[in-house]
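J.: This is what each chain is made of:
Number of protein chains: 4
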Amino acid sequence: MSSSQTPNVSKVVLAYSGGLDTSVIVKWLQETYHCEVVTFTADIGQGEEVEPARAKAEALGIKEIFIDDLREEFVRDFVFPMFRANTLYEGEYLLGTSIARPLIAKRLIEIANQTGADAISHGATGKGNDQVRFELGAYALKPGIQVIAPWREWELSSRETLMAYCEQHNIPVDFAGGKKKSPYSMDANLLHISYEGGNLEDPWCEADDDMYRWSVSPEAAPDTPTYVELTYARGDIVAIDGQSMTPAAVLAELNRLGGANGIGRLDIVENRYVGMKSRGVYETPGGTIMLKAHRGIESLTLDREVAHLKDQLMPKYAELIYNGYWWSPERKMLQAAIDESQQVVNGEVRLKLYKGAVTVVGRRSADSLFDEKIATFEDDAGAYHQKDAEGFIKLNALRMRIAAGKGRNLL
Amino acid sequence: MSSSQTPNVSKVVLAYSGGLDTSVIVKWLQETYHCEVVTFTADIGQGEEVEPARAKAEALGIKEIFIDDLREEFVRDFVFPMFRANTLYEGEYLLGTSIARPLIAKRLIEIANQTGADAISHGATGKGNDQVRFELGAYALKPGIQVIAPWREWELSSRETLMAYCEQHNIPVDFAGGKKKSPYSMDANLLHISYEGGNLEDPWCEADDDMYRWSVSPEAAPDTPTYVELTYARGDIVAIDGQSMTPAAVLAELNRLGGANGIGRLDIVENRYVGMKSRGVYETPGGTIMLKAHRGIESLTLDREVAHLKDQLMPKYAELIYNGYWWSPERKMLQAAIDESQQVVNGEVRLKLYKGAVTVVGRRSADSLFDEKIATFEDDAGAYHQKDAEGFIKLNALRMRIAAGKGRNLL
Amino acid sequence: MSSSQTPNVSKVVLAYSGGLDTSVIVKWLQETYHCEVVTFTADIGQGEEVEPARAKAEALGIKEIFIDDLREEFVRDFVFPMFRANTLYEGEYLLGTSIARPLIAKRLIEIANQTGADAISHGATGKGNDQVRFELGAYALKPGIQVIAPWREWELSSRETLMAYCEQHNIPVDFAGGKKKSPYSMDANLLHISYEGGNLEDPWCEADDDMYRWSVSPEAAPDTPTYVELTYARGDIVAIDGQSMTPAAVLAELNRLGGANGIGRLDIVENRYVGMKSRGVYETPGGTIMLKAHRGIESLTLDREVAHLKDQLMPKYAELIYNGYWWSPERKMLQAAIDESQQVVNGEVRLKLYKGAVTVVGRRSADSLFDEKIATFEDDAGAYHQKDAEGFIKLNALRMRIAAGKGRNLL
Amino acid sequence: MSSSQTPNVSKVVLAYSGGLDTSVIVKWLQETYHCEVVTFTADIGQGEEVEPARAKAEALGIKEIFIDDLREEFVRDFVFPMFRANTLYEGEYLLGTSIARPLIAKRLIEIANQTGADAISHGATGKGNDQVRFELGAYALKPGIQVIAPWREWELSSRETLMAYCEQHNIPVDFAGGKKKSPYSMDANLLHISYEGGNLEDPWCEADDDMYRWSVSPEAAPDTPTYVELTYARGDIVAIDGQSMTPAAVLAELNRLGGANGIGRLDIVENRYVGMKSRGVYETPGGTIMLKAHRGIESLTLDREVAHLKDQLMPKYAELIYNGYWWSPERKMLQAAIDESQQVVNGEVRLKLYKGAVTVVGRRSADSLFDEKIATFEDDAGAYHQKDAEGFIKLNALRMRIAAGKGRNLL
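Protein chains in written order, with full-length UniProt numbering: chain A, 1 to 411; chain B, 1 to 411; chain C, 1 to 411; chain D, 1 to 411.
Since the hints were derived computationally from the structure, they do not count as laboratory data.
Take the hints with a grain of salt, since some may be wrong.
For identical chains, the list gives no copy identity; a pair is met inside one copy or between any two copies.
Below, a list of computed lysine-lysine pairs in the BS3-like style, where the Cα atoms sit at most 25 Å apart [stated by the list, open to error]: (1) 387 - 406; (2) 27 - 387; (3) 316 - 332; (4) 332 - 352; (5) 316 - 27; (6) 27 - 63.
Keep in mind it's a predicted model, so treat the numbers as computed, not measured.
Same shape as in the complex, but just chain A (with noise of 0.2 Å):
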């Protein structure tokens, strides 16, 4: 879209979730460009049924509606490479929002070729993270699309502005749904549940224990423990206690059994790449045990080099995901040496799960490199010889000897 002026717009594909927000956008960008709309519904596993949207966009005047079910490709072609790498924003954030919006606006943007749509519409805020992610992969796959924004251009900044707006309209307002509206803001999929806005804006308030949908609270939790094994191949989860699964079933059923240990929540303060701070709470029960478990079968079988290696580009490659850099050459060549090491990260990760606590108990592989022979504290029959450490230190300390020899002073 040009700065300045209204585009021309002949037709657009809009991310549709079925529920007021969007069916409103239906509306005012039908109204407003004058233009055909395509709606786009996936179910990426937010745990709502995805086909209501279709009468709904029908309602609307839709004639060309998109309904996929994109679990699988989700979990396999983004959530894994994903967590080859350990991701984790800021210390503590397992970037399911961010990772799910490539999906998107490749779908987006793979819809707009299909169909001969010059503009794509969402309805993420001008405040968020989330419109920065849908627009950079819009204009990196198709680099003259148009995007509409709703939110940064309407009026309807309010939830009064925007009622009125269907009541002038007609927009039934049971698109939002039967659910009696949550005071904070959410976003689900197969990866998380995200929570913000309401009480949360104050850092310093605990959330609430209702608010929590995925996961019982650590208190409510069994009081036995949980212990699961998960079995890797290639750096991908293959197998739960030894039962081959599809990546999306792998998830789901460690989100179960996660969220059953009230394993996953997490409260924090982020910095949005928009510039400001914003406070969130997470949901990310099989998350949360699959970054865990991929630590643990990695130590055994990654060099330690690759490992450190690794440790090292990884807080670049979350922060490329989270600001929306999912389609970039720089996130593709980063994934090339990720994919690189995991090609030796195979075996098995056996975890106890507990009230909120993950534990790796055991792990165990055929591309192990820990080595008894050398490790142990016994004799190891001449495997390693502790000789060798002197000149290793002496060498080590060379420089520093040298140094200290010449009056330099650490203290």
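Got chain A sorted already, so can you dock chains B, C and D onto it with the hints?
T.: Below, chains B, C and D without anything else, positioned relative to chain A:
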């Protein structure tokens, strides 16, 4: 020490625990090097009386005996500076052993200077990291010092030969203390206790619950959570629940609170600097709380780019400490950057401790950069112009749009 | 400035060169914003008189006129700190324009504070990096300041419309100066002169030799080399050929020496922060010498790991300066580390300047870490034990030997 | 080799130059280890005939003699991949020696496998980097191999004792070759020639001009510049002035061109991996041209963030190669990222060579990301919206504005 022959040593300062092994070393040094031995025993919070080491040393004929309480120095000058960086080795390990070694090295050299000794000695083996940490520190602080590492030199490599040596030299075996000999190799200080060896040498084998000394198991922890409030000044904790405390008192109290709630157990396979993998289990109750809390207060007070830069530097900083380079110019250089960032890390963090998990539930600060007016989901009265986001995204996307326009394909 | 409407501005401080463009801006500000204009003109070594700007400003009706000689501050507080890091953007560019902008931004804000102005303005276009550098600095130092960037707002985007505006408003065109208008867009200060535009917009086209202003061509330089000796204290040059000089005098003299020997021409394609590539040609005679010399003195005095850490941090530091983040907490954090490293960077470097090339031919220092006794190929009388190397190699190889022993293949 | 006693060795592969030192090693190995010796002599472009080594080896009683021309493999699989990263060690050194060692190590192991040898041997001293590079490579590729490093073992540490050994064992001293013995320790291959020792051991002393072998001095170079055009495909040079060439032919031709124009001399103090500083002088005519040219073609074709990421990774990559870790999983991991970036590095670079300086004067590519329509200073017909810059700057400044608004002071 020269690499090829027994050097001339007239006086050696030994890091002496009062236990059997270092008592044997006293005798062995006297016999092998015909030198005077100075013993140095430090209280760094390992939880055992250090005064009894005096009588034992005297019984071995030692004339110069140093017994120091280094707990405050340990926490103030080593533990706290390290925690300012949110330091984790290999994503998991809080460096409890690593961070104590440079203090011991420093005192060994100070005592060598004071007593005119020309050598130091320690009881670390030739397979581990501690020899490196002691010796790199010693060489960096006094380049001409000789280092005697008996475990790399002598033939007493098995328990049997060691016992035979004791008998032969009238070293009372009760020097080992009245406690039943643990099957594990252990190391303790105010930050942590570590366990290696025994059945832990199989990384698939879960640690026995009765191995742990400082913490109850999560299962045995109280059924109701404990809440605690920490006050930070310049990145360090200065009060708990509003009560000012010294650094060592802070850590001791957090160990008590954490241990009572089953917090801080960690079971990992780690990469040693000498080149092998080893399995270690750690209890770090207070440190686990401190890491989480420090991230909490930083999340509110640190600039985003400073926080991200710290995250990128941290793995290198952790590696330096793990590998024994505390007393190095590169660690000082990194510390200068880290400390520069901490001037604004002031405020309070509220935490929930429950059955092995520690959660930040609130944070507040006079130095907060959280701006409710801007972050709010409600109307912000013009504090933030959503329209700005369009230009922000457009220019951030420009390089990728140009590339895509010229045919680059990111899929 | 608000994004959507003309803000209320009562007084604006303009970075005023005295040239035609900024003179037009004076008039345009007065007309468009009906506000008072304060002009600020700085001598940062661009090689043109600044005093004539006074009469021109007076002729435009300006009452508050600031004309400052900032050359010493520029070199001392901006150029020298940057050179401590061996800073190069994209491996080539010495950041001559970038490093001057934060000083201008700082003075604009100081003058705004002093005169009670509520806005600043500048003559940078909307396509370049300089607008970003000016404005990021201004916002960081005075968050409520308004910024007016005429080139992003007005309609005078071509030379013709600009000239028409002059005629219409009686702005004498000789404000452009008597010099023939260069076909290039140029920027000069004590560190460099830059050229963009014109036939340089074709990256395959070689720059004309008569474009250059500060340096003779290598072909025209003397047939005998010039030798020069620089004295460093804490990483900064304090004397040339034994003669103490102020920072600005150092840089002026090195520009003279370099320019006379054809040194410091650079022709590159660079990546702008706003997302496009541009072709720039630079003359940086003194800076080119300083970079080479600083590496020379560091090579003798810096610890290896400190030097390597600096090299790893440098690209980020360069990027910060290029992108306009001098006045940021992350730049300060990096500077703290860099400056910490420079305490020992003292001594002399001897250089050969010849027909475009600068070569270090000698370096010496009381803080040298070069140890002839150890480095010698001759007998070192036991200063270094070659046997130590065996253990050093063995343990450094251990992780790879274990891996290969377990079947890993690196070929 | 065991650290403490002479190991049992039945057959050893020696990196044999045919010179005096390695001829002495042949004899010494036969005598000391009573083992069979296999010699391996490689042409890696050092500029001396390798075939004469055959007769010398035969005269020493060697039965298995390997003489290989490795020039193409050297440039194709080692030099070119390294140059894709714009690799410089400590900001200056093109790693000419370092990059040849892993190839030698690989061939030593291949020959050991082929001949059933259980050990390798080399003529590198115990003070340098080359021993590390040979041995790390050997251990990584064949973990059970024994390594014999005579210079670390024998007593022949002075020229006199060596000569006495020759006389005693009837080793003809003319093995040293007819050439006058250089006062420098030298190493040559197709990428460079290096000089150490002699009067270079004083870092203040300028190298004598008659030391250099491959390049004329800049003063003696032609008075008119030479222009050359290089063609790149996927980051490697495939043609010079339009003529396709093999990798080794490319480097040989660039050496010729560079040497004739006085290009590629470098005089530095560098930090060895074994802990000391040393002074080295290098001639790298072709490599110096290649570095400059590769940056030139990348500047046009690489995405900005990819380029910056490469710059941040480069120092680590250079350190790995310098320290001898070519055959390591972390080098492979970095190489995967680097190679991923090079798919688009195609096109032509035009260079000017003149009296020691190499300058890029033009670059063009079908994969160029330079967009004249956007970069132009002239009217761009709406290709770029200058207004977008305002939002870009505003949001990039937001975190600092909030901070300043809350009282943070960056001055």
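J.: Each hint: holds or not?
T.: Checked hints:
1. 387 - 406: between (28 Å within a copy, 24 Å between copies)
2. 27 - 387: So residue 27 and residue 387 pass the 25 Å test across copies only (21 Å; inside, 78 Å).
3. 316 - 332: both (13 Å within a copy, 20 Å between copies)
4. 332 - 352: The answer is neither: 34 Å in one copy and 35 Å across copies each exceed 25 Å.
5. 316 - 27: neither (40 Å within a copy, 46 Å between copies)
6. 27 - 63: within (14 Å within a copy, 55 Å between copies)
Of the numbered hints listed earlier, those contradicted by the structure are 4 and 5.
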